[in-house]
Every structure is written in C-alpha cells, then in structure tokens.
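Visitor: So the chains spell out like this:
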Amino acid sequence: MRPADHVSRRNFLQAGALGVAGLAAVRPRVAWAQNGEAKRGGSLVVRSGPLRGIDPHLETWAAALQVIHQTYNALLKFNHDGTKILPDLAESWEQKDDLTYSFRLRPGVKFHNVPPVNGRELTSEDVKYSIERQMTDQPGKFQHAYFFLGKLASIQTPDKYTIVFKTKEPYAPFLNYIASPWTVIVAREVVEKHGDLQRHAIGTGPFIMQEYRREQEAVFVKNPNYFKKGLPYLDEVRLQYVIDPVAATAAFRGQQTDISYLEFADVPSIKSSNAKIKVAEITTMFPIVLRTRPYDEQRPLKPPFTEKKVRQAIQAAIKQEEFIEIVRSGWGATMTGPIPTYRKPWALPASARPEFDLKKAKRLLTEAGYANGFETELIVGSPGDNVKSAQVAKDQLARVGIQVNLKPMEMAQYYNKSYSYDYSMSVHTALTGEEPEEAIRPYYGANATYYRWGNREIHRLIDEQAKILDLKKRVEMVHLIQRMLLDDAPNVFLYTPIAHYGVQPWVKNYIVPINAYDQRYEEIWLDGKKA
Amino acid sequence: MLLVPTLALVTLLVFSIIRLLPGDIVTLMMSEQGYASDKAKLEQMLGLDQPFYRQYVTYVGRVLQGDLGVSFWTKEPVLDEILRRLPVSLELAVLAMLFGLLIAVPTGIFSAVRQDTWLDYLFRTGAIGGLSVPGFWMATVVIVAASIWWQWVPPMRYTPFARDPVKNLSQLVLPAIILGLALSASVMRMTRSMVLEVLREDYVRTAWAKGLPESLVITRHVLKNAMIPVVTVMGLQLSALLGGTVIMESIFVIPGMGKFLLDAITWRDYPVIQGINLFLATGVIALNLLIDVVYGFLDPRIRFG
Amino acid sequence: MSWLRVMRGKPLGALGGLLILGLVATALLAPVLAPYDPIKVKSSDRLRAPSLSHLLGTDDFGRDILSRVIHGARISMLLGLGAVAISTLLATIIGILSGYYGGRIDIVLQRCIDTLMAFPGLVVLLTIMAMLGQGLGNVILALGIGGTAGNARIIRSAVLAIRENQYIEVARATGCRDWQIIARHILPNIAAPIMVVVTLGLGVAILAESALSFLGFGVPPPTPSWGAMLSGSGRTYMIQAPWMAVFPGIAISLAVFGFNMLGDALRDLLDPKLRGGPQGRA
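Chains G, L and C, in that order, are what the protein sequence lines are. FYI, my numbering numbers position 64 of the first sequence as 304, with every residue one higher than the one before it. FYI, my numbering numbers position 249 of the second sequence as 571, with every residue one higher than the one before it. FYI, my numbering numbers position 207 of the third sequence as 409, with every residue one higher than the one before it.
Hints may contain errors.
Capping the alpha-carbon separation at 35 Å, the derived lysine-lysine pairs in DSBU-like fashion look like this [unchecked claim]:
#1 L:Lys489 with G:Lys462
#2 G:Lys748 with L:Lys489
#3 C:Lys242 with G:Lys657
#4 C:Lys244 with G:Lys657
#5 L:Lys489 with G:Lys770
#6 G:Lys713 with G:Lys548
#7 G:Lys350 with L:Lys397
#8 G:Lys433 with L:Lys397
#9 C:Lys244 with G:Lys542
#10 G:Lys279 with L:Lys489
#11 G:Lys468 with C:Lys242
#12 G:Lys368 with L:Lys397
#13 C:Lys242 with G:Lys599
#14 G:Lys469 with G:Lys336
#15 L:Lys489 with G:Lys769
#16 G:Lys391 with G:Lys279
#17 G:Lys549 with C:Lys242
#18 L:Lys397 with G:Lys391
#19 C:Lys244 with G:Lys548
#20 G:Lys511 with C:Lys242
#21 G:Lys408 with G:Lys584
#22 L:Lys489 with G:Lys516
#23 G:Lys518 with L:Lys489
#24 G:Lys511 with L:Lys489
#25 G:Lys469 with G:Lys279
#26 G:Lys518 with C:Lys244
#27 C:Lys242 with G:Lys600
#28 G:Lys602 with C:Lys242
#29 G:Lys602 with C:Lys244
#30 G:Lys770 with G:Lys468
#31 C:Lys242 with G:Lys548
#32 C:Lys244 with G:Lys559
#33 G:Lys600 with C:Lys244
#34 G:Lys462 with L:Lys532
#35 G:Lys769 with G:Lys518
Note that these hints are calculated values from the structure, not bench results. Source: prediction; values computed, not measured.
One chain only, chain G, in its complex shape:
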C-alpha cells in the first residue's frame, strides 16, 4: 500500500464515523486496476469462505457468492464499492414511471455449453423464471424472497430480449434488488433436472463449474462462449476451502493461494515478507450486534427487557471502541445504527451515535427499578470472534451491575436457539447489503425473520420508506427509523469488522470489492505466477 493511500487506524478511530477521508481508505485505490497488456491463461487459487449450499435463491451464507459469481450473471450489478449500478445481462434499462421498469437484454448471451442447457440462448423468459423462483413463498425463512415477494404486480416479456416489471406500489429498493448479487438468472432445465441448485451451478457466467466438493474446493474452467468477448483471461479458478486460519495464512505465505482473507494478526508479517503483496483493508458488510430478547405478538417480552430504560441502560454501558481494540486490535469501525457508517447517505451521522455513559446507565437502571442490576444469560455461537465480543460485553455490563452468564454453543445449536426467538441476549453477526433496507426490514419489519421486534410504529415506517421514490425524503425516513431503533434499543450495534484480503503481486487488474464475497474474476489476469 502506498503511503498516500493509507489512512492509519488511529485516524480511523479518532474520526469516529467515516467521513470522506475514511471512505477513501475503505475503497481500494483504482491504481490497482492495471491498464497493461492482459496476459491469457493460468489458474487463480482463492481461499474460499465456508460453503453450505450454492443455490442463489435458497442460500444465505455469503460465501456462496464466491461460487455463484463465477457461473451466473444478473441483469445488473454493483461496482466494487457498491455505489453505482452497472449493466450486466441487461444492456440498458429505463424506469418508465413510478411503477414500471423495462430492461433490454443483450442479444446472443448463451448459457454454458453443458447439459441440460447445452449452450442455448438466454431469453427474457429465463429472467422471468428466475425472479419468480427467487420470490417463492415457500417458508424457509432466510432466502431473499423478501426482495420482491408481494411487491410485483406483473412480469411481462413482450419479446425475447425485453422484460417489463410492474410493481404494485412505488418500490424504492427495486433497482438495488435487481442488481443484488443474489438476484442472478438461472435456467429452468437445471432446476427441473436436479430439484434445486444447491450443488449445481450452470449459468451464463465467465466460468464453468467443473468440480464441486463442498468441504474442499470448487474448480471452474473458462467459458469459451462468454458473452463479453475476450473475457475471461484466466483458464481456471479454484476456490480452496481451508478452515484453519493458521494453515490458510501459511498457504498464502507459501504462495499456494493467490487471493486470501487474512487474519489481522498475520498481516504485518506477511507484508514484511514481500513488499509487493497487496493487502486490502475492507470494512465488511457484517456488523456485530448485541441483541436483547426479541418479541412479537406470539412472544411477549420478559422482564427485565420489558423496560425500555433497561435496554437503553445496556446501550449506554457499551463502549464500542473497547470491542474494536480487544477483539480486533483496532481493525473495526464504530457504528451509528444498523446501517454501516460507510453507506452514505443512509447511515446516521456520527452525532447520532449512542453515548457511552456509565452514570446514565446506572441512573436508567435505577429508574427502571433495577438499582442493583440483574442477572441474565447470553448465547453466542462458538468458536469465533463473537465469543470474544461476548466476553467484552459481559465485562462492560458488569460495571453497571448487570451479571451476564455466557453460554457459548456450537453453531448448529446457536442457530436453532436464535431462530426460535427465545433467548435473553446474544451476540450475533448481522447481514447488510447494498440496499439500505436490507439492514432493517428482515430484522425489525413486520415479517422479519432474522429477528423479531414488535414495535408497530417501526413496522409501519419500514413499509412506508420502501414506497418513497424521492431520494431525499426516503433518506429522511430511513434516518427516522434508525433513530427510533436507537431509542427503543432492542439491539446495541457493537462494531463493523475491517477485514484484510491479501493479493499476490502477480494478480493483475483486481480490486477487492466491499462486498468481499461478491468476487468476480473475469477481468483478472496473471503475470509472473510460478506454475
């Protein structure tokens, strides 16, 4: 990293929320993109995150995107920092009126030349099929059906290359959801043949899946009929799944992987081993959240969480910086609400951040009738960083007399407990997306699934904001919702981790995107990699 590019961590923390300078540090410099002679050939090896299934419409583990984006395309896509929408399968689009969006597909896009599609052309019918599949109303709570389910009045395909969507009401998130990395276009034949797409990925993308072994690796080869002429440059992409972080870092150091997530503790030694290795610092899209008891009509709140003042007291006793320092050695960003601070203008400004004030916390507890504090249980999935965050939370809450009993559990059990909505407190990794309501609606909305919060007023406002097409007005309402959430304090937002991605010097023309799992390698080439 060049000195001019580097905003030190200290500045980061002092600046509090991200200002313009902060945004620059988060967005890797365009200087990484090379305008040199592209070289063809070679195999790119990438360290993969944990995979479960790879069906883009049924899966929610973000690591699946690494697989999905080698083999599929969507109508639109985001640029690397999520600020612009670019064409992908659609060569142009138009919002005809408040309710109507029309897309024109590129002609001549072919599916992979693999059974059962055998290289046939993509048409608007495929788009319609895919969107309808995504908004399936089959319960299973964590799909992305909420993108369009109940929002579309119709999907029309007047000809082979044109699709027209009509929404029931004005729907502000529409384009963001069309461009979401999850809204890719699949082929009906593949679904019919295999039942689902959890183990097969056949699309229009730059690479064809050759091998998929979930716990080990996924191998892709170049698609010779890719619709972007001349791309991809690479012959092969391998996603290697190495679960042990020490082994994974060693693999990167030993030049066995070309692109890899790195533990922050290993970064200094990797940089010193080879100055030409590029390390990107990405503020991730997965904030860590301290949750209190969820509630809705079927599950009323239980004391002490029935008292808003108790929740606010917890919020006031939490010091975000201490989490960042202890759990991440400084590699984290503070938060002002459910939307990460780099998502301007949706995130609340730094001034909105709940104050760390132990005296206020104690006072609130006394007013609520818990002058001597109380005892409660906190569940957390183990192993992982969240166990550490849980320890810090326990320590901080002890300062105001709240005794937290930690209950780490293996992941499977933790998920079970979490989605039963029956727990007192937990430390959780939340999901956010390019579309601001992704951080809010699935958690606090009327049909929320990741969490349940029964505040009807908030439900109403969440439904309302989606209908506001005017950007300024919508931002205002999203800000209002967030302020209400900070006041109601069902969750305390702890921090957003900053992740490191190492890129070997011979990988050219690559920018690590903010949505770090949304990795597209069609424009990368290798120059100087040892065979």
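Assemble chains L and C onto chain G, guided by the hints.
Guide: Positioned in the frame of chain G, the structure of chains L and C alone reads:
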C-alpha cells in the same frame, strides 16, 4: 458369532444417541434452508415421522442390502461418500503407524537393551515428550515455521497417490509424523517392556551364555517374540487413529473420515453419522478378529496349545 | 521400602512425581500465588511482552498470563481428577462385575465395552459434548465417560488374574459373601493397576481437553484452561505475541509429562516381572 450382536448393539446405540442430540435437524434445516413447505413435510422427507423402532428396523433392513442411506444435507449416498474418504483416512493412518513404528521400535529396543542408562532415560523422555505436546500445536508450529523460514507449505488440497505420489505424500507426511509421534510413545514403552521380558527368558540367556553377539541375539530371538503384542497394540491403535485424525484433517485440509464425521455431528446429518459409525465399528471388530487369528498363527504356543 | 532408594532407582519417575507435586501445590495455592485477577479485562494492557510487572506477559484481553497459567493449574487438576474419578469408578464397577462374576454378565458387559471402544475416542467425546452442551462440568463428564471403556478392560484383566488365586477359593468355600470377598481381597489387589490407570488418565484428560478446545468444545471462556489458552487466541496471535501460547503449552507438556513418567514408574514398580536390575546382560 459374537460379531453380530456387537454390531447390532453398535448401530442401536448410535441410532438412539444421535436422535437425542439437542438441536434436531428438522429445525436446523427449516430455519436456514427452506427445503420444504413445512415441518411435517420435511420430517416425512427425512423419514423422521415414523416411530423410533420403525425407523430403526427400516434402517437395518436397508443396511443389510448395502444401502446406508443418503446424506440429509448433500443428498449423496452415504456409502459413496464414505468410500471416497476411506482410502484417504487409511493412507494417513497407515503412514502414521509406519512412522510410529519407525520411531518406536528401534528406540524401544535400545532402551531395553541399555536399561536404566542415560540412553534409556533419554529415549523414554523423548517418547513421553512427543506424547505430551498436543498434536494441533505441533502442527501449528511446524506449518508457521516452515512457511516463514523456507516459504514452504504442504499442499492444501488432496491429490490421490495414484495421480501424483509426490504431492500426495508431501501433504500427508507432516500430519503422519505428528500422529506417529503420539503413537510411538505407547508402542515404544510396549516394545521396551516386551524386549525386557524376553531378554530374561531362558533361551535368550542361553544365547548370551553361548557368546552370541548382541545384535544377533536381538534380531533372531528377541524381536520375533516381542513383536507379537506390539502388532496387537498397533492394530488397536488403528481405530483410535481413524477418528483421532479429525484435528490433523482440519488443519492440513485432508478429506478424510474424521472431519467428515465431525461435520456430520455438527450439522446433525444422521445418516452420515450412523453410516460412519457402523463402518468404523465393523472395521474395528473385523480387525480385532483378524489380529486374534494372526496372533494365533504367530505364537506357536497358542497354535498348538 | 526406602523412598530415597526407590527414587534413585527410578529417576524419571521421581522427576515426574516432583512435577506433579508442583502442579498440585500450584493448583491449591492459586489464589495466593497469582499476582493478578485472571479474568478481569484490561484493554490498556493488551499484548505486553514478558516484563517485570507481568512475568509471562499479557494476552489480548490485557489479562496477566502468569496468573492465568496458575489458575489454569487448578482447572487442569479439577478436570483431571473429576474425569478420572468418574471413569475409574465406572470402570472399577464394570471391571469387577465382569471379572468376578464372569459368565453371562461378563459377556454382555464385554460386548458393551467392545462397542464403546470401537468408536474413536475423540468422536465419543464430541458426541457427548454435543449432547450435553458446553461447560466445565460437561467436559469433565464427557472425559470421564469417554475414558471408562479402556480402563474397564484393564481392571477386568486384573480381577481375572486374582480370581484364580487360591485364597479366593478358600474364602468362597468357607461361605464368605461376595461383597466381602470383593472388598477384602479383590479391591486391595487391584489397587496397583488402578493407581496406574488414574495417573495416566490424568495426563490423558488434560490433553483431551486441549483437543476439545481446539475444536471449539472445550471449557468455555473466560475460564483460564490451558487448552483454551493454547488453542484459541494463543494461535491467532502466535507470531505477534508468542508468549500467549508458549507458556500454557509448556504447562500442559510438563503436566502430562509428569503424569506419564509417574505412571510409568508406578507400573514398573508394581509389576513384578519388570523389576529391572542388571542381571546377566551387557
């Protein structure tokens, strides 16, 4: 024979226990994946709506036909998945035993022959030392040191031996040595005590008295008889090895049965858990049988006794 | 038996014994010995290298490593003793029932033991932990149950060896009750193998806990168990702050080493066949 009731017990035990694990698979799948429109349908799909005894009987029936069921998560046949991973685990286990023997036997013999000398103490300390350091820690230190000092890292993907023996071995040699070290402690001790015992036997004393050189005495008389129990012990270690490789498989990215089983337990993949346990149990019991037979063959006293 | 002569005869065992003595003393005196609170978080003191104020350095939560290692001795002893108590008790009961009564009881129990032994140890532990959930008590229970099968076999063979003794026949003939025979004749004579089993089992328990910690099933934080210190943050910060892992690692190794040496020496001493002595060899 007694094989059958043991196996039956094994399957019954596994069958019941994993259904007692909290966090049942249906809720797990429902909450994350939306595999079916409702809980009842999912249960039916997985065959979990039947009463326990019926599930068990159906399962046993299928097993006798060679069908170990299908993984709840990946839908692949369990038997196929096991057979794919078995050779990997076996190779690692065999290599580990080889290293274990290579380390343990010579040091055991030396230790016995030079009993209570500083060499004996050194070897015994070394053996116990190898056992006292947790395997994952040894692996960590070696991997990190090798990657920093020599820029070398064992390959992080598995290549079958037939396709590329060098790559295959370079991935497996480190975990094999580490596993072998832990093994060698007990084998070394056993070798040592067996050799000591044999050394006191009359026919050995006769050999001494006859003035035979030490090395000859050892190889011709002592080794053969001392090895029998050692072989037995090694055989028993195999079962411990096959599952105990979990940690090495995780660190070195080896697609063996240990890690497979761990994942299955984590995700409550009942058919896989049952299948692997059945396989392992059968294997171990068969192995014990084999050892008994070989034992009988080797030891003339038993053969004719 | 003069202790001094025994110790000189078995120096390794003596060394082991000393280590264990040290371990027990540390465990008992932990609150007195430890200079700091092992659990209190202090973010300003993170990742300090060993120095005069923190002899073994601090960890990523700012906690003093020396204090954590000292308290870890307590946890290790607790784990070991708890696990061994459970497994020895169960194993003795099973072993005596099996060996003394023989016949059908023996066969059935043997099948059960064989069944349990067919599963790799770690897998048994993981399954039990998955069933019970996390927590120090559950780890102890799991280790105890996991260690039962092997020990049961050892005790059974010891009982079998004794059962053939003539004075047992005599006792039976004169009408002594079974439990009297067991209490008066069997138990004292299998005390030796039990001692060996206990000593070795303590070492195994400590190692097994570190393996469980590595896989995420060990003693939950913030309890300072050596296994958790070694496999958790100790590994993450291995390059930056090696002292976080080195010292608990040394502690584990010394403890296991001690138990194994002591157990070996005990076994040698108590097994008449192996009592050494230079007799007619080079």
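Visitor: Are any of the numbered hints broken by this structure? If so, which, sorted upward?
Guide: 11, 16, 34
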